[in-house]
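Engineer: Chain by chain, the residues:
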Amino acid sequence: MIGEGIKSTNQRKHSYVQDRVEVGFFTDPSVCIGCKACEVACKEWNQVPDDGFTWTGNSYDNTGHLGASTWRHVMFLEQDRPKGNQVVGPMSLDQDPFRWVFLSDVCKHCEEAGCLEACPTGSIVRTEVGSVLVQNDVCNGCGYCVVSCPFGVIDRRPEPLHDAGGAFKCTFCYDRQKSGLVPACAKVCPTESIVFGRLDDLRAHGAERVRQLQENGYSDAQLYDPTETSVRGIHAFFLILGEPEAYGLPPKPQIPTIYLKSAWTSAFATAIASIIATLVAFAFFS
Amino acid sequence: MTSEQRLEQLREKAWQEGVVPGRGVDVVGGPIPRRPGYYGQPVVKPPVWTWEIPLYFFFGGIAGMSAVIATGAAIFHHVDLARAAMWLAAIAGAVLSPILLIMDLGRPHLFLNMLRVFKHRSAMSMGAWILSAFGACAVPGLIALELHARQIFPGPLDQLLRIAAGVFILGAAVFGTLLATYTGVLIGATAIPAWFLHRTLLPIHFGTAGLGSAAAILELVGHRIAALNFLGFYAAAVETGLLIWLSANKHGAADRAIHEHGSGWLIRIGEILNGPLALVLRFFAFIPLAAISFLLGALISRIGWIAVGKVSGSDPESVFAAERSSPVEL
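Chains W and V are the protein sequences, given in the same order. Just so we're aligned, residue 23 is where the first sequence starts under this note's numbering, counting upward by one. Just so we're aligned, residue 269 is where the second sequence starts under this note's numbering, counting upward by one.
Worth flagging that the hints you see were computed from the coordinates, not collected in a lab. Treat the hints loosely; a few may be bogus.
[Said to hold, decoys possible] Some chain W residues close to chain V (C-beta under 7 Å, calculated; not the full set):
{"id": "1", "residue": "H87"}
{"id": "2", "residue": "Y166"}
{"id": "3", "residue": "G174"}
[What the hints assert, rightly or not] The calculated SDA-like cross-link candidates involving lysine to any residue, where the alpha carbons are at most 25 Å apart (straight line), are:
{"id": "4", "chain 1": "W", "residue 1": "K283", "chain 2": "V", "residue 2": "G509"}
{"id": "5", "chain 1": "W", "residue 1": "K200", "chain 2": "W", "residue 2": "E44"}
{"id": "6", "chain 1": "W", "residue 1": "K283", "chain 2": "V", "residue 2": "G286"}
{"id": "7", "chain 1": "W", "residue 1": "K105", "chain 2": "V", "residue 2": "G286"}
Remember, it's a predicted structure, so these values are computed and weren't measured experimentally. All residues carry an ideal CB built from backbone N, CA and C; glycine is no exception.
Work out the full structure: start from the sequences and follow the hints.
Structural biologist: In structure tokens form, the structure reads like this:
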């Protein structure tokens, strides 16, 4: 993988779609240089319209957040914590602890996907490689997936952008994968901060990378892959330094379908109570 | 507006501390921003729904519960009331509701895709089917009832119409109770903290507000009978209870959109209008005023719940608080 150059999984042709192998992204901020090539490659390959050039004032991040027209988003975190084994103090180069962390965010392609369960048209489907795909020609823009995603990834594209009205998010470059190509963002990543490959390989690789970093002084390195919650793991998972909150990632994401049972119970009880109240009203008060 | 004095202050501060924290100084080399989460960006996406959706919640609730009142009226031989209620059900449920829902779609011409699949785990899909089934019962039910009430056809055919009206109105009532309550499930089973934390309350509120609103409209068009007055009392009493529940069952930062901001005021005003105020007005027999108060409250609280979703969904701390503090029982 990393360091394999043109032989790495990011550059090889593959047949994962035909072989029905679960694939994923592993995104590692410790080697990300914040070049945003992934954002550019994603926009160009998928012909995603530009959604405004605005200055946020948030470090070098002028992208803001994932949305209908932003499928990769490089985050720039400025934290007053030591980076790895950075030496801080009057005798060193750095007076105060400081680290600048870059992480390329993307749709998580959940094992149990909130958007997929919520979609009333069947527009959102699971592909052969285990990714979650919106079929643009089926989506009628009801907006229910938007509030059902625990990660705030998918959104409805507003007017006057191209193809407005539908819900959009990362496609995991399904079109490229069908032809044996690697997703555009992983293909262009110069440091292989984004690694594409078989999900089980990536999970092993991620755990190994966390161990390496912790040995090298990054004591708060951990994997962000919520397998313990009802989301049951994500196919595009991350290595993070520090707490997930700092990256705008939910600490314990839940798929909203777990709330259905109590909500429907309450709805049925209300339905029955209303019928009884009406019958009582007409039987005893007329 | 910076005065000379302020410039002096800034110079002093820069001299003493090396940095000058202030608004608009979030640049590289400046102080580290301390907004919650990632630069205060929302963690989940707020709803994209606009004014059509709260109005649909309002009219869908009225339509569904009108069919229930029509059934009660038909069973106990209030034919005129049953007719008025079925007109209300058909207009609000089979005309206004679909129009509002289609208007809110990003691609209205693809509205038929709503009936492309049947997914019991999607409240939106269930809602589309419930609304369709309701319309398919309410419209023929109304036609059969009108034909029967006006005695258009003679003898056995009229008898048949009577049975058909009964079956369709009963069907409309069954789907109507679901139409009025599923909207609470719809927003309760989402990733928006202030919504999912109150997923038990929402269907009760939406359903009961629908019942009270249907009774209120029927009263306002002239059906001033004791049965509707009782339903008005029942709905206002339940809403008063829900107001108390909502005030007692606070989740701190996780659902502060309900208790703070403009959205909190909408909820409070709505709940007071259709809860205690409607109850008191009805107690002193100001029935039209009580009906108007209840209807206004029901409408405002629907608008309020969508506003709550927008505020809560845009607030990263509400998501963190909900997930860190309250373990979700599966």
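Engineer: Could you run down the list of hints and mark each one as holding or not?
Structural biologist: For each hint, the structure was consulted:
no., hint, verdict
1, H87, "holds (5 Å)"
2, Y166, "holds (4 Å)"
3, G174, "holds (4 Å)"
4, K283/W <-> G509/V, "holds (23 Å)"
5, K200/W <-> E44/W, "holds (13 Å)"
6, K283/W <-> G286/V, "violated (57 Å)"
7, K105/W <-> G286/V, "holds (23 Å)"
Comparing the model with each earlier hint shows a violation of hint 6 alone; every other hint is respected.
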